[in-house]
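Going down the list, the protein sequences come from chains Z and G. Using my numbering, you'd call the opening residue of the first sequence number 1 and step up by one each time. Using my numbering, you'd call the opening residue of the second sequence number 1 and step up by one each time.
Rather than coming from a laboratory, the hints here were simulated on the basis of the structure. Treat the numbers as computed from the prediction; the structure is a model and nothing was measured. Built from N, CA and C at the ideal position, the CB exists for glycine as well. Be aware that a few hints might be false.
Unchecked claim - Derived DEER-like restraints, expressed as beta-carbon distance ranges:
1) Ser53/Z <-> Val3/G: 26 to 32 Å
2) Ser18/G <-> Asn55/Z: 46 to 52 Å
3) Pro111/Z <-> Gln29/G: 41 to 47 Å
4) Pro40/G <-> Asn22/Z: 20 to 26 Å
Stated by the list, open to error - A partial selection of chain G residues facing chain Z, derived with a Cβ cut-off under 7 Å:
5) Ser43
6) Ile93
7) Gln106
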Amino acid sequence: QKEVEQDPGPLSVPEGAIVSLNCTYSNSAFQYFMWYRQYSRKGPELLMYTYSSGNKEDGRFTAQVDKSSKYISLFIRDSQPSDSATYLCAMVSGGYNKLIFGAGTRLAVHP
Amino acid sequence: GAVVSQHPSWVICKSGTSVKIECRSLDFQATTMFWYRQFPKQSLMLMATSNEGSKATYEQGVEKDKFLINHASLTLSTLTVTSAHPEDSSFYICSAPRGLAGQETQYFGPGTRLLVL
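Bound-form chain G, shown alone (with noise of 0.2 Å):
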């Protein structure tokens, strides 16, 4: 079954508005996320990593203003997209790892679509 859960699954929103997305790990704690964005026909682009009681770190080119993190518990992470314009509009998917240190893998969450109009 499914260990990490996104919701919402898809929202459409009117430009200059704020949406918010929330990433849950199911039955497992989790202190590090990650978040993905993903245009069509496209890999997965790492947008942020998720710290559970500190400022998330962002990758180059991604504005820290623009896409807010906040990873309020230790199964729980949001992005906000605060004032969307239409191109932001893309797929957007969190991870979480989950197992022994070491030998921990990531789990995906099924991912939100978020259309800008």
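With the rest of the complex left out, here is chain Z (with noise of 0.2 Å):
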């Protein structure tokens, strides 16, 4: 079993839809959650960093965790064309460890 599961997609979703991306992960030690946007060719790009269970809001993108069920989603409302992406899970232990990450899940989103 993988420590952190993510479905790879494709996901493919009409402009202006509601997109939830989750992750799974079976290691309780992990502390510190990331979601990244991954353009094609381009460096992962930090888009939500959160530390805590609960809930984190950022323009359109909230980020969830549950880390009693071990169990992040990003949700993107509004979802623009622009959005079409690739989305990694990311997350650490704490301190400067390496990160884990998900497969990540491709998205498109279609006009």
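Take each chain as given, in its own frame, and dock them per the hints.
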């Protein structure tokens, strides 16, 4: 079993839809959770960063962490074609440790 | 703006040559940096952890003599692909943690695309 599970998709939605991206993990030592967006042929870009259970909102993006269920989500409201990218969840136990990534979910938002 | 830079952004080389990729943290010091490689439509694969002032830590299956890492200063780490072969063609990305201890997160460089002919 992988430490972090993420459905690779692809996920195709119409413009304006609410998108839900999810990851599950098995290591209870993970304390910090991140979502990265990666466009083709580019480095990952940090979208959201959380370190506690609950919700964190930033514009159209909401990150949700449920440590008791070992489940994290990223919601994108009013999705736009420019949101089409691969979304990677990542988590770390703390300190300057290595990130553990999910497989990444490819999202396509069509007009 | 960008907090981590990489150079070059792309490189084409002949088989058997060595290629050096630079990763720089901008406006902050990074005692630790990470090197990843990514194949098309796949997630990032951690290759090694670069530590300023000490030897890099390599992930299982990564040849340390093939992928030389030097953390020359608090803002610069280099990855040298020695005697490159076509199977080394990939997208190489570095990252550096930034922030307060216990709350740091990692920022990625834009990546370097290597094509070995």
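Cross-check of the supplied hints:
1. One distance hint, 26 to 32 Å for the beta-carbon pair Ser53/Z and Val3/G, holds here, with the actual separation near 28 Å.
2. The given range of 46 to 52 Å is respected by Ser18/G and Asn55/Z, whose C-beta atoms sit roughly 48 Å from each other.
3. As the Cβ distance of Pro111/Z to Gln29/G is approximately 44 Å, the hint placing it in 41 to 47 Å holds.
4. Here the CB-CB span from Pro40/G to Asn22/Z is close to 24 Å, well matched to the stated 20 to 26 Å.
5. Look at Ser43/G: its Cβ gets to within about 5 Å of chain Z, closer than 7 Å, so that hint holds up.
6. Against a cut-off of 7 Å between C-beta atoms, the interface hint on Ile93/G holds, since the closest Cβ of chain Z lies about 5 Å away.
7. For Gln106/G, the interface hint holds, the least distance from its beta-carbon to any beta-carbon of chain Z being 6 Å, beneath 7 Å.
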